[in-house]
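A.B. asks: In order, the protein sequence lines correspond to chains A and B. Just so you know, we're using our numbering here: the first sequence kicks off at 1136 and counts up by one. Just so you know, we're using our numbering here: the second sequence kicks off at 2 and counts up by one.
Treat the hints with care, as some may be off.
[Said to hold, decoys possible] Label-pair distances were calculated between CB atoms; the ranges are:
#1 V1635(A) - S37(B): 28 to 34 Å
#2 A30(B) - A1150(A): 40 to 46 Å
#3 D1519(A) - I206(B): 35 to 41 Å
#4 L1628(A) - T33(B): 56 to 62 Å
#5 L646(B) - D1574(A): 28 to 34 Å
#6 L1323(A) - L646(B): 24 to 30 Å
#7 A28(B) - V1635(A): 49 to 55 Å
[As the list claims (entries may be wrong)] To give an idea of the interface, some chain B residues facing chain A are shown, with a C-beta separation under 7 Å as derived from the structure:
#8 L41
#9 V74
#10 V77
#11 L78
#12 L80
#13 G81
#14 F175
#15 G179
#16 V623
#17 G625
#18 S627
#19 R631
#20 T635
#21 G648
#22 G654
[As the list claims (entries may be wrong)] Residues from chain A that keep clear of chain B, each with C-beta distances beyond 12 Å, as calculated:
#23 D1521
#24 V1583
#25 L1640
These are computed hints drawn from the structure, not numbers from a lab. Here a beta-carbon is modelled for each residue, glycine too, at the ideal position from N, C-alpha and C.
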Amino acid sequence: MGEDFAVNLPDLNYAALAPMLILFGAACLGVLVEAFVPRAARNAVQLVLGLVALVASLVAVVLRAPHVTDANAQTAEQAISIDQAGLFLQGAILVLAIVSLLLFGERTLENGGPFVAQAAITVGSELDRKQAAKESGATEIYPLALFAVGGMMLFVTANNLLVMFVALEVFSLPLYLLCALARRKRLLSQEAALKYFLLGAYASAFFLFGLAMVYGFAGAVDFRTIHESVTGSANSPILLFIGLAMLSIGLLFKAAAAPFHVWTPDVYQGAPTPITAFMAACTKVAAFGALARVLYVGFDGLGWEFTPVLGVIAVLTMLIGAILAVTQTDLKRLLAYSSIANAGYLLIGVLGGGKEGLSSMLFYLVAYGFLVIAAFGMLTLVRDADGEATHLSRWAGLGKRSPLFAGVFSFLLLAFAGIPLTSGFVAKFAVFGAGIAGDQTWLVLFGVLSSIILAFPYIRVVVLMWLNEPGETTPSVSIPGALTSTALMIGVLVTLVLGVWPSPLLDLTANVSNFIR
Amino acid sequence: MEPTLMLAEAAQASAVDAPAVLQQAVAYAPATGLLSYMWLLIAIPAVSALILLTTGRWADKWGHWLGCASVFVSFVLGLGMFFELRDLPNRAVQQELYSFIPVGTLQVDFGLLFDPLTAVFVMLITGVGFLIHVYATGYMADDEGRRRFFGYFNLFIAAMLLLVLGNNYVMLYFGWEGVGLASYLLISFWYGRPSAATAGKKAFIMNRVGDAGLVLGIFVMFTQLGSVNYDVVFSNAGLMPTTTILVLGLLLLLGACGKSGQFPLQAWLPDAMEGPTPVSALIHAATMVTAGVYLIARSNPIFSANLTLQTVVVSVGALTLLLGCIIGSAKDDIKRVLAWSTVSQIGYMFLGVGLGGGAYALAIIHLLAHGFFKANMFLGAGSVMHGMNDQVDIRRFGSLWKYMKITWLTFMMGWLAIIGIPPLSGFFTKEPIIVAAFARPGWTGWLYGMAALIGAGLTAFYMTRLFILTFHGPKRWTTAKEGSVDQHPHESPPVMTIPLIFLALGSIFGGMLMATPVANWLTPVLGPPTDPHPKMGHLTITVLSLVLTVAGAGLAYALFQKGTALVPQPAGPVVTAARNNLYTDAFNEAVFEKPGKWLTRALVFVDNKGVDGLVNGLAALVGGGSGRLRRLQTGFVRSYALSMLLGGVLVLGAFAAVQLGWMG
Chain A
1136 MGEDFAVNLP DLNYAALAPM LILFGAACLG VLVEAFVPRA ARNAVQLVLG LVALVASLVA
1196 VVLRAPHVTD ANAQTAEQAI SIDQAGLFLQ GAILVLAIVS LLLFGERTLE NGGPFVAQAA
1256 ITVGSELDRK QAAKESGATE IYPLALFAVG GMMLFVTANN LLVMFVALEV FSLPLYLLCA
1316 LARRKRLLSQ EAALKYFLLG AYASAFFLFG LAMVYGFAGA VDFRTIHESV TGSANSPILL
1376 FIGLAMLSIG LLFKAAAAPF HVWTPDVYQG APTPITAFMA ACTKVAAFGA LARVLYVGFD
1436 GLGWEFTPVL GVIAVLTMLI GAILAVTQTD LKRLLAYSSI ANAGYLLIGV LGGGKEGLSS
1496 MLFYLVAYGF LVIAAFGMLT LVRDADGEAT HLSRWAGLGK RSPLFAGVFS FLLLAFAGIP
1556 LTSGFVAKFA VFGAGIAGDQ TWLVLFGVLS SIILAFPYIR VVVLMWLNEP GETTPSVSIP
1616 GALTSTALMI GVLVTLVLGV WPSPLLDLTA NVSNFIR
Chain B
2 MEPTLMLAEA AQASAVDAPA VLQQAVAYAP ATGLLSYMWL LIAIPAVSAL ILLTTGRWAD
62 KWGHWLGCAS VFVSFVLGLG MFFELRDLPN RAVQQELYSF IPVGTLQVDF GLLFDPLTAV
122 FVMLITGVGF LIHVYATGYM ADDEGRRRFF GYFNLFIAAM LLLVLGNNYV MLYFGWEGVG
182 LASYLLISFW YGRPSAATAG KKAFIMNRVG DAGLVLGIFV MFTQLGSVNY DVVFSNAGLM
242 PTTTILVLGL LLLLGACGKS GQFPLQAWLP DAMEGPTPVS ALIHAATMVT AGVYLIARSN
302 PIFSANLTLQ TVVVSVGALT LLLGCIIGSA KDDIKRVLAW STVSQIGYMF LGVGLGGGAY
362 ALAIIHLLAH GFFKANMFLG AGSVMHGMND QVDIRRFGSL WKYMKITWLT FMMGWLAIIG
422 IPPLSGFFTK EPIIVAAFAR PGWTGWLYGM AALIGAGLTA FYMTRLFILT FHGPKRWTTA
482 KEGSVDQHPH ESPPVMTIPL IFLALGSIFG GMLMATPVAN WLTPVLGPPT DPHPKMGHLT
542 ITVLSLVLTV AGAGLAYALF QKGTALVPQP AGPVVTAARN NLYTDAFNEA VFEKPGKWLT
602 RALVFVDNKG VDGLVNGLAA LVGGGSGRLR RLQTGFVRSY ALSMLLGGVL VLGAFAAVQL
662 GWMG
């Protein structure tokens, strides 16, 4: 009987786990860098370390891709499922994180960068004014970001609700911190972080409670067992439905779907803009990756049960995002509401179901990620003495002052609006197509309606930039440094290329849209 | 419904009760050798146009020579292909470059076809085109926009070649719209002049009317036959019901009338003379305006399949040729007279293609000869304007033969050719059409034959009037005294006169040399030449037409050898009507323009009051909703948490509702 109590160490497939291990290792190394490298060199060292780690992790993902089979995808006692779709999501998170990290490292737009040096110093105090003027920004952001990226990668490959919850916390906590680190408008930033933390904790509680309910129903937390119980268990389905509803709430919170979107505008506005870009791109990928895995893998047999409910949420999300965007006067908030509406479009893809739905969602996530990073990146360039000038009225006539900037930003706005020859069009076309293919035409109708409404605020910015005379308060557009320029160039180019020649990525997403149970 | 299915049904139907239509399977061989490079014919001028239109001022110095060279290279290539085609057993080769529009059952390839009909058009377009390009280097020498001009000119050549080289109707339409665009750009080339801008718009809009017909015709083909490729359409044209063929043919005819300035869409062509004269010569005389004739000749299996259709085409041709002659007799602007003459001559060609059978080839031969002598006379007119400070009023010319000998002599060749004096080209190409018209069975043979015959007399009258008033008689030049400029006419530079000489040679010998060989050459496409049996003997008709020609010319000589008044004099109702284009413009205005304007106003009213009201109302609703919803975003984390809780309750409730529904 003794061997019953022996601890069986799980088999770990290191090749499959390498991308995450590299990131977590590099993040720990980053903490050590904080302790041992002189302050002056830290930013450069951390930036290089972060980029190298992300690129190495991406290389590991790419190298792993040809070797993934149904048999070897799951590891660590089936707790982690690094299948084709999971690997694609990891790769997408990494690529978007690399581009965002370039924005983190920017030091030429503002003396010391976009982050505050000592977040603990009281706002407005003597010390604060001193540090605002000259001290270099905190470099802890890099290990924090690496932890967050690692957590997201685990989140999208978790094959069991407990691992998923742990991963959720692993990537959420660094994000809360990162939100509080803006150099300018620090009160707003701290308020955003606190709100995000409180509401995030609240949502996590929903998730955990849902987990417990599902455990009560299925007697297990791994997706395969849950799936088996869903299709053939004698237990009361009430537990299951409460569980699924609460799990969804936790995930929809991260995805910024209505009515769990309320944090989004405040947090997007308050957070340092590079962090906003990072969250809007990478968190979206993580949240939708995990949501799709839960729905496709765990609760696959309940499709027609949850589809109407999530459908209503998708419609609400699209309409609220679009309608509220109409009256926004701050560009960051405008993009936040646009991000909410886009979560609704993504839900159409998810609810479209099947391979097509998943594939369209994956494409949308990549296309939207690059687009939104580029857009927030552009916001960092329009500055006045108080930092970024994001109020709409300040952008009047910008086209006359800086035609190149306004031209590129107009292009991005057209991409948001889904005009052909931009990635936004192809992405929307894909999710709407998947929605129709999955018999969710009513969602697509609302999607189109919402797109029409949403076109107004986008085009209004274009009109504002080009057709208004510049006023005395019109801020100047700063010349970005090499890092921001690279990030912007990548974002804009990908937006264009995916609009003109989307087939390679569409083929790739169609090939990888396959979750292993 | 599957178009192919309909085809099968139609085939069955035709086997039972349709009239026996001669079904000839049309098949094209794949292109080999030099012919497999036929895309180069289009690509070379197209690339040249791109270079000319996108490079900046630094191309000003050599741009026009690039324009000429590209057309010349196309000409040489076309000539090589012509000879290669001659030696092939199946004289029709096609080449499919790539799939152009693959949508469901509609498969349109970017395909090219080189057959005898295409070959003669390629020769005409590139050959005459090259001469006019060379001429234009001189004519446009002092114009600031010369590079742009040659860019458009090359664009035109490329589009026109695409039009005649396509192996399906969509390619033809592609080229059709391309030449329309080039024509628009070139008519309004001097866009600073309001009259040129207006003329360009007029041409474009009237062409759109015709184009709509062509496009609908292509749709009919697709729905009825499932294909727009020439071989499929022609092989199966006879299987369509008679009414369908009639409708299809009338739609194509509408397109042809628009492009070729035939009644009732003729009004744009004379106004198109606002463009530079080389444009008038190349586009609005020699090539583009004959595209309608090409369309009908190319679609001969469709037009031959329905007698009513042929009658309509013949009527349009006969009516237009008389209309053109009558109006041309009353005009004083040298280019407008020539433009109305073009309208009239294309009327002859329509008459030819409408008669069908052997007359298809006659129309094409007349088209080729017309390409030479009309280009010749237009360029001659350009040369006169060049020497006379852009004066265009023939009342203010006179006696110019002394000052511009080459222009005078070459213009004389064009004049003799068009009125049909043997042995110049017009005699060999116009006579057979008149004969063929008389050969039409029944009383219509008399009608159309007489129309063609009277047209010949009128042509002689107005062309002689033009020639005499321009080159002979007393000087009636403008002077500084009357507030205008003093005239010092001079001959144009060799770069302009040499093309004139070439074209004059074509005007002299073209008809003689082309009449028989070209008819035989075109046999594979248009059927063998036939020997018509007119109502009167061949010789009688020839003599009659020569008598009428000489009479018309003599009358004009008698009236105008002493010159004419410097300004138009009051005249009787007929001349007044002719001066006013026989009130065709007034007719268009009353019947189409006015109701169109009313419709526009009504629609604008509905749009402003109804549609805009709805849109603005919805926008206000959204804006108001947005303003209200915004208040929910209080900024308090407690209310956010509350809304999340409410959302959670709702989601749970919804799940419960679905669950209950499921259980119930």
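A.B. asks: Does each hint fit the structure? Answer for all of them.
C.D. replies: Taking the hints in turn, this is what the structure says about them:
no.	hint	result
1	V1635(A) - S37(B): 28 to 34 Å	holds, 31 Å
2	A30(B) - A1150(A): 40 to 46 Å	violated, 59 Å
3	D1519(A) - I206(B): 35 to 41 Å	violated, 52 Å
4	L1628(A) - T33(B): 56 to 62 Å	violated, 43 Å
5	L646(B) - D1574(A): 28 to 34 Å	holds, 32 Å
6	L1323(A) - L646(B): 24 to 30 Å	holds, 25 Å
7	A28(B) - V1635(A): 49 to 55 Å	violated, 39 Å
8	L41	violated, 28 Å
9	V74	violated, 33 Å
10	V77	violated, 38 Å
11	L78	violated, 33 Å
12	L80	violated, 40 Å
13	G81	violated, 38 Å
14	F175	violated, 22 Å
15	G179	violated, 23 Å
16	V623	holds, 6 Å
17	G625	violated, 9 Å
18	S627	holds, 4 Å
19	R631	holds, 6 Å
20	T635	violated, 9 Å
21	G648	holds, 3 Å
22	G654	violated, 9 Å
23	D1521	holds, 20 Å
24	V1583	holds, 14 Å
25	L1640	holds, 22 Å
In this structure, the earlier hints numbered 2, 3, 4, 7, 8, 9, 10, 11, 12, 13, 14, 15, 17, 20 and 22 are contradicted, and the remaining ones agree with it.
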